[in-house]
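Given chain A, work out where chain B should sit, using these hints.
Top line first, the protein sequences correspond to chains A and B.
The first sequence begins at -6 in my numbering and counts up one residue at a time.
The second sequence begins at -6 in my numbering and counts up one residue at a time.
FYI, nobody ran anything at the bench for these hints, they're computed from the structure.
One should not assume that every hint holds.
Note that identical chains are pooled: a pair holds if it fits in a single copy or bridges any two copies.
[Said to hold, decoys possible] 25 Å max Cα-Cα, derived PhoX-like pairs, lysine-lysine: (1) K21 / K(-4); (2) K21 / K136; (3) K282 / K(-4).
Number of protein chains: 2
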Amino acid sequence: MAKIVECVPNFSEGRRTEVIEAIANAIKGVEGTRLLDYEYDKDHNRSVMTFVGEPESVKSAAFAACAKAAELIDLNAHSGEHPRIGATDVIPFIPISNCTMEECVELARELGNQIAEELKIPVYLYENAAVKPERRNLANIRKGQYEGLKEAVLKDPERKPDYGPASLHPTAGATVVGARMPLVAYNINLNTNDLDIAKSIAKAIRHSTGGLRYVKALGLEIKERGIVQVSMNLTNYQKTSVFRVFEMVKSEAERYGVEILGSEVVGLIPMNALVDSAEFYLRIENFDKSQVLENRLWE
Amino acid sequence: MAKIVECVPNFSEGRRTEVIEAIANAIKGVEGTRLLDYEYDKDHNRSVMTFVGEPESVKSAAFAACAKAAELIDLNAHSGEHPRIGATDVIPFIPISNCTMEECVELARELGNQIAEELKIPVYLYENAAVKPERRNLANIRKGQYEGLKEAVLKDPERKPDYGPASLHPTAGATVVGARMPLVAYNINLNTNDLDIAKSIAKAIRHSTGGLRYVKALGLEIKERGIVQVSMNLTNYQKTSVFRVFEMVKSEAERYGVEILGSEVVGLIPMNALVDSAEFYLRIENFDKSQVLENRLWE
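Chain A on its own, in the form it takes in the complex (with noise of 0.2 Å):
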């Protein structure tokens, strides 16, 4: 079975559109690679691309890409809402099949000195592989935006970037290349307009107040159909499944006398994220995931 790694780099630049259908183009012409959808926002002066394909031909696709960027954007010529560092602001590299997270942290290693190397931006690396422990957090290596680290990098040794030089590169500032889960955005639906409830059930789900480790979750109030729902985000989900968090928040609700309506996946989700909750409830014995037919068809 192939593996299949997916990348959704962040570039400075949501308003030119001639610029990003560029960037679009340099990820399309690596052959190997499908770009599923590219997004932008005039406010933040942001775009997102997503692709896929197999690690070499991902890994090529976002040097291309960031090249692209450091040629058509001028970061001392840019405002927006949204933090920014870079031209390619940050690339996270995200295990789809067949693949681990080692093998995408080991990417984002080679990218992260690549880029470094021939494009002479200075690289941070960031969530699973980050170096030092506190670039584990984006929002850390971003501190300042382009503006402050300009100055920081050459006066701070903590601000110093993984690899390349330790001066932001002059029109392209600095790049954050990491590797991260999928995000799963998952909903659930309770019986009841009541948002107390809903909101206690968050609490004890989510990560931050006692819950499941790779839990994030909100209590919402959904007013056109008259109930609330636990609104999730799912940041691991081979380490904290589908199929519990629905178990936990079904108990949960039970204690109120609530029961579960429905639940929503909003956006993408991985397969195996379906598979796994599939194997849980029909109890499947030593199930392998190569004998998903589909998992077949990339061999």
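What follows is chain B alone, placed relative to chain A:
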């Protein structure tokens, strides 16, 4: 999302490996198809190839394989335990992704016509592609095998092929082409050693004795584990879902105070059979299969 069709043709050669290789190579030679597996059996003197791809490529590969088999296999010199009427004995098309049964029926009829026209081999349509109701069942078409059909086709208007000459090809015989759903081989293990319970449950859930429309089932002993099993073939997982079978076996077992220990998927299973089960148990509302990230890889 690309349409993916599976094709599992059976050839009347299970001994001469050079012939089997030549047929496999004819399939591999068609761009856009992937040969997943091939198996052959000396006693049956028969081989089975499994390949997938987009509909037009799969049809071309099936035709190429059929032409190669007609070139290299002489039914007059063939013997084996398995009933057969042709060098290429049977060609089923199976819808896998983003593809309907109707499209596979259409594909079967196009291929049948092409085999008759270009190779002068008479073709019978079976299962979902059958035009005559009695030909849905392959056994009716294969009655008398090659030797018997050679005579019968000349005399009996009811044995006339759906396409092509009303006499068998002098060496390649006749070919059966059709469309069917993928089979899912699914077994459920019970925490008892009472074979009668497994047999009673099999009887309750299988179609032939009043149960679910697309279930074949037997009760078996698994001696090495000291348990019994309901062993099943699900012949249309879209209409008789895996989760519904699981829930019905669970409910029947409870009636005897028995529980489901686990289940097994034997061989391959289409992704959607598992995704449907996750949707059911997680109560996902308004789910669209295009939200499965892997489905985007073939777009």
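Here is what the structure says about each hint:
Taking the shortest alpha-carbon separations for K21 and K(-4), both the intra-copy value of 19 Å and the inter-copy value of 22 Å come in at or below 25 Å. In the homo-oligomer, the alpha carbons of K21 and K136 never lie at most 25 Å apart, since the shortest distance is 32 Å inside one protomer and 55 Å across protomers. In the homo-oligomer, the alpha carbons of K282 and K(-4) lie at most 25 Å apart both inside one protomer (13 Å) and across protomers (21 Å), since each shortest distance falls under that limit.
The structure shown violates just one earlier hint, number 2.
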